[in-house]
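Residue numbers (our numbering), protein chains in the order written: chain S, 1125 to 1532; chain Y, 11 to 301; chain B, 4 to 318.
Worth flagging that the hints you see were computed from the coordinates, not collected in a lab.
Watch out, some of these pointers could steer you wrong.
Unchecked claim - Restricting the straight-line Cα-Cα distance to at most 20 Å, the calculated cross-link-like pairs of lysine to aspartate or glutamate (EDC-like) are:
(1) S:K1427 / Y:D74
(2) S:K1324 / B:D134
(3) S:K1462 / S:E1401
What the hints assert, rightly or not - Computed, partial: chain Y to chain B, Cβ under 10 Å:
(4) F114
(5) V132
(6) P191
(7) A193
Built from N, CA and C at the ideal position, the CB exists for glycine as well.
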Amino acid sequence: MRRLITWFGMVLGAAAFAAAAQQPLKIGFGMSLTGPLAGNGKAALIAMEIWKDDVNARGGILGRKVEFVYYDDQTSPSTVPSIYNKLLDVDKVDLVVSGYGTNVIAPAMPIMMRRNMMFMGLFGMNVNSKFDYDQYFQIMPSGPEPGIGWTKGYFETAMALEPKPKTIALVGADAEYPALALAGAREQVKRSGLKVVYDKSYPPNTVDFSPIVRAIGATHPDLVYVASYPPDSAGMIRAVNEVGLKTRMFGGGMVGTQFAALRTQLGPMLNGIVNYETYAPEVADKFPTLEAFLPKYQARAVKEGVDPLGYYLPPFAYAMMQVIEQAISATKGLDQAKLAQYMHGNEFDTVVGKVRFAGNGEWAIPRMLAVQYHDVAGNDLAQWKKPGRVTVLSPAEYKTGSVKTPYQ
Amino acid sequence: MEFSSALFLNAIVAGLLLGGFYAAVSVGVSISFGMLDVVNIAHPGFIILGSYIAFILSDRFGWDPIAVSLAVSPLFFLLGAVIYRIYYICFERRGQESLRGLAFFFGILFITEVALVLVFGVDYRMARTAYSDTTWRLGSVDFPLRLVVPFLVSLAMVLAVQAFLTRTFFGRAVLAVAQDPLALRLMGVRTLRVKEFAFALSIATAGIAGAFLIVIQPVQPSLGREYIGLVFAVCVLGGLGSIWGTLAGAFILGLAESFTSTFFGPSWAPAVSFGLLLGTLALRPSGLFGR
Amino acid sequence: MSNARFGLAVLAVAIVIAAASRLVTNDYFFSAAYTVLQFVVLATAWNILGGYTGYVNFGSAAFFATGAYTSIFLYKAVHAPLPVMIVCGTLMAALLGLAVGYLTLRMRGVFFAIATLALSVVLYTLVVNWDYVGGARGAYILQPRQMPFGFTRYVQVLFSTMLLMAAFSIVVARVIETSAIGRGLAAIRDDELAAECAGVPTLRLKALAAATSGGLMGMAGTTFPYYLSYVEPGAAFNLSYAVNSIAMPLIGGMMSWMGPLIGALLLGTVQQVVQVTVSSEWNLLIVGFLLVAFVTAAPRGIMGWVSRRFGGSGP
Chain S
1125 MRRLITWFGM
1135 VLGAAAFAAA
1145 AQQPLKIGFG
1155 MSLTGPLAGN
1165 GKAALIAMEI
1175 WKDDVNARGG
1185 ILGRKVEFVY
1195 YDDQTSPSTV
1205 PSIYNKLLDV
1215 DKVDLVVSGY
1225 GTNVIAPAMP
1235 IMMRRNMMFM
1245 GLFGMNVNSK
1255 FDYDQYFQIM
1265 PSGPEPGIGW
1275 TKGYFETAMA
1285 LEPKPKTIAL
1295 VGADAEYPAL
1305 ALAGAREQVK
1315 RSGLKVVYDK
1325 SYPPNTVDFS
1335 PIVRAIGATH
1345 PDLVYVASYP
1355 PDSAGMIRAV
1365 NEVGLKTRMF
1375 GGGMVGTQFA
1385 ALRTQLGPML
1395 NGIVNYETYA
1405 PEVADKFPTL
1415 EAFLPKYQAR
1425 AVKEGVDPLG
1435 YYLPPFAYAM
1445 MQVIEQAISA
1455 TKGLDQAKLA
1465 QYMHGNEFDT
1475 VVGKVRFAGN
1485 GEWAIPRMLA
1495 VQYHDVAGND
1505 LAQWKKPGRV
1515 TVLSPAEYKT
1525 GSVKTPYQ
Chain Y
11 MEFSSALFLN
21 AIVAGLLLGG
31 FYAAVSVGVS
41 ISFGMLDVVN
51 IAHPGFIILG
61 SYIAFILSDR
71 FGWDPIAVSL
81 AVSPLFFLLG
91 AVIYRIYYIC
101 FERRGQESLR
111 GLAFFFGILF
121 ITEVALVLVF
131 GVDYRMARTA
141 YSDTTWRLGS
151 VDFPLRLVVP
161 FLVSLAMVLA
171 VQAFLTRTFF
181 GRAVLAVAQD
191 PLALRLMGVR
201 TLRVKEFAFA
211 LSIATAGIAG
221 AFLIVIQPVQ
231 PSLGREYIGL
241 VFAVCVLGGL
251 GSIWGTLAGA
261 FILGLAESFT
271 STFFGPSWAP
281 AVSFGLLLGT
291 LALRPSGLFG
301 R
Chain B
4 MSNARFGLAV
14 LAVAIVIAAA
24 SRLVTNDYFF
34 SAAYTVLQFV
44 VLATAWNILG
54 GYTGYVNFGS
64 AAFFATGAYT
74 SIFLYKAVHA
84 PLPVMIVCGT
94 LMAALLGLAV
104 GYLTLRMRGV
114 FFAIATLALS
124 VVLYTLVVNW
134 DYVGGARGAY
144 ILQPRQMPFG
154 FTRYVQVLFS
164 TMLLMAAFSI
174 VVARVIETSA
184 IGRGLAAIRD
194 DELAAECAGV
204 PTLRLKALAA
214 ATSGGLMGMA
224 GTTFPYYLSY
234 VEPGAAFNLS
244 YAVNSIAMPL
254 IGGMMSWMGP
264 LIGALLLGTV
274 QQVVQVTVSS
284 EWNLLIVGFL
294 LVAFVTAAPR
304 GIMGWVSRRF
314 GGSGP
């Protein structure tokens, strides 16, 4: 009889455990599926869904299947409070991550702070500087001082040139990311003693960049630092090729050259440009797990009409979810404070390498790659999938070669 | 910054090239808004549609996008006729003010944008042409063919429209309908047909202008919204109902943008352009060449 | 019903709603309702110049952003309390409306619309280049820890404030509508030339309407920075403000204060619902179709359709 009761109890217990384990683990977020940054948003979503499929194939996290609840934030900050309030109060998700970009991360911060929830950000520049929230984390590898870390590679390479450059031109779009990147560049300029001979910005929907490039050229700068989004990156590069710009180093913070679209459109025009990347095939051996992820992403990206290379945002979106998975598994639960504490104190193994966070939630050590494009011929995409078009200049542990100057 | 003659000359050339392009995108609005009083706020949406069609055909078959758009323009003409028919039946016949037409076209703008997103995705596209990478140099002045070719074709298109309006019977009917539709009806002209033709023509020009756009810069579906202000500014500045006015307005705005970008700060270019517009509206509301 | 009694009735309704909302525990209601109420204010404000006077304002975003950036400026300069921000923002936007009114209302209606569009762009460029309020980099406005009247969450404060603003704008609209000013505006709308000949002080009335309309739009924008905590020019000058403030009165009916209210509640709620259900590019498609369908099928708006069906004159 006792054995029957024990057996019955065990079955009940197992059933209860199974029932609890059946409850899916819901992760909620807003993502840019429409609007100007939708290309990146959709790419990130694909990466996150690949992660979800991978995790669920292994049995989920803590035995629970992962489910996403997400809404389109239209790349518009005014949708964010409603979306995150709904996710937390109505959909009752267990965990929340951010959308893509400072614009949609910042409005969610007060909501996260009020509920003391751990909040993981996807590529926002220095969002935590004003909020000072100890449960905020950022997967962008720009380091504890994001403006400095973002621009470090370019300036490090520039100041190592012989003879030392003296003057610099700064230019960028009138939008949130370029303005922040340029602020970082100005800080670097102060630290390196360069003289600024041109410091202007342009409206994001500028059609013709040749007047700007000529004005820059008229100041004869040794260096040119550009912070731009894909359409104006393309415009600036074209204009520089048409007008001709005599300078020693050109580039810096241009979003867009990391994507297939611009690489195939501009082709050889990219040669000589020094820009930032987060990954290049030249350093593939440093990121062994990434090689397994990229083909999966690329297959789905082609089907959905998004960037078919996936070198920029997708690996980090995937890594962001990996960090969360490892934190939950390690703390064996969803206690937000414990998760945050664990994330502050530990190193994570992800597709983008080892990730460690600083006190303010940014990466402890910046790891933006500064690269120079070379030997690009023609407009095909295949040449970019293997090593040979990109020289990694910085940081030192990833360096594959030296910069070739002058730019033109 | 030194004020060099090279900088000055290049600013003029860049401004004119830009102005030619602006004229192409605005000439349709000059017809639909200037002459027919239809507030077609969806005009930039049709331009983007034209961009994508030119891109797809030139990408698939290797033809020149501008040539493609000229070949495809009859389709845009038909599209314009259909849309005008709908607009007329729903709004003009009932004698509603242009405000309802405005909301109608806003709806069309959004629907066009979404349709493009669903079919083509949200990534930026840009057309490659044989001359995209060539630049002619004349002394110290550069003429990038990426801008020169659209400029020349757009000038040709605008001049063709002007010639059509002033020299052909149907064209003169369009001008007449803008001035006095009642008189025209009394003379036995089917004004609906005339207006439909004019609107269709304006959409056809939008389709062709779309090819210029995608040769000059990368395009994505929501780009149309950025051009709403510009196309109406060009028409109003130059004077509604006048093609020469549109051309002049376009050149003025192109030059203003180019000079501000070169000598003062590109950031101020929109303020200068639209400030000019505000000033013109305050001092001479009918525009430079308007009636 | 006299204006005083109407005002009291509206205030009473607002207070009841605010009190009832204290029972709501989920914050989603407050953020969604805040957005819908914001559009009630914008639509009602727009209609004063658009529906009553017949002048289409394409630059609602400019006035809205004026309110928002006045708040940001005051926050950065003197850390002003919210009521001060609201009053100053409304005044600044009203001044802007007055200035725009005197400068542009000498133009034929359609040119006024283009001028407001140009104004939006000029103001946007000015703000982008104004570093003190953040420029293109954006400005961070942190929600205060202290909350009045025993509120526990700041979004509730924002909701209640917006509720009062909506009530206020509706009362203002009705006061104008039923007064001599309203009759003068209607005369201008019907035939400006005839009105002038009849002795209506058209320029002064138009300027008053523009100032009131602009001021109320600015008022809607004053709490926006607190709602988002981070404002950059693109968010404040978003095209959706211009489109919605035109579409909502169009859909609801432009003849009286009820039209914009109905239009804003309807379209605003639909947008909120679609955002969290369908949620993708179809969102925009639905808005587009709604716009087209309504202006085609119900030309005088919902109010017009109702009054045709059930006869009688409006409130």
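Going down the list of hints, with the structure as the test:
The straight-line distance between the Cα atoms of S:K1427 and Y:D74 is roughly 27 Å, outside the 20 Å bound, and the hint therefore fails. For the given pair, S:K1324 sits about 13 Å from B:D134 by alpha-carbon distance, which is consistent with the 20 Å threshold. Only pairs whose Cα atoms come within 20 Å are accepted, and S:K1462 paired with S:E1401 is rejected, the gap being roughly 33 Å. Because the smallest distance between the Cβ of Y:F114 and any Cβ of chain B comes to about 5 Å, under 10 Å, the interface hint for this residue holds.
Given the 10 Å rule on beta carbons, the hint for Y:V132 holds: about 8 Å separates it from the nearest Cβ of chain B. With a least beta-carbon distance of about 17 Å to chain B, the hint placing Y:P191 at the interface is violated under the 10 Å criterion. Among the interface hints, the one on Y:A193 is violated; its C-beta lies about 21 Å from the nearest C-beta in chain B, farther than the 10 Å criterion.
The earlier numbered hints that this structure contradicts are 1, 3, 6 and 7.
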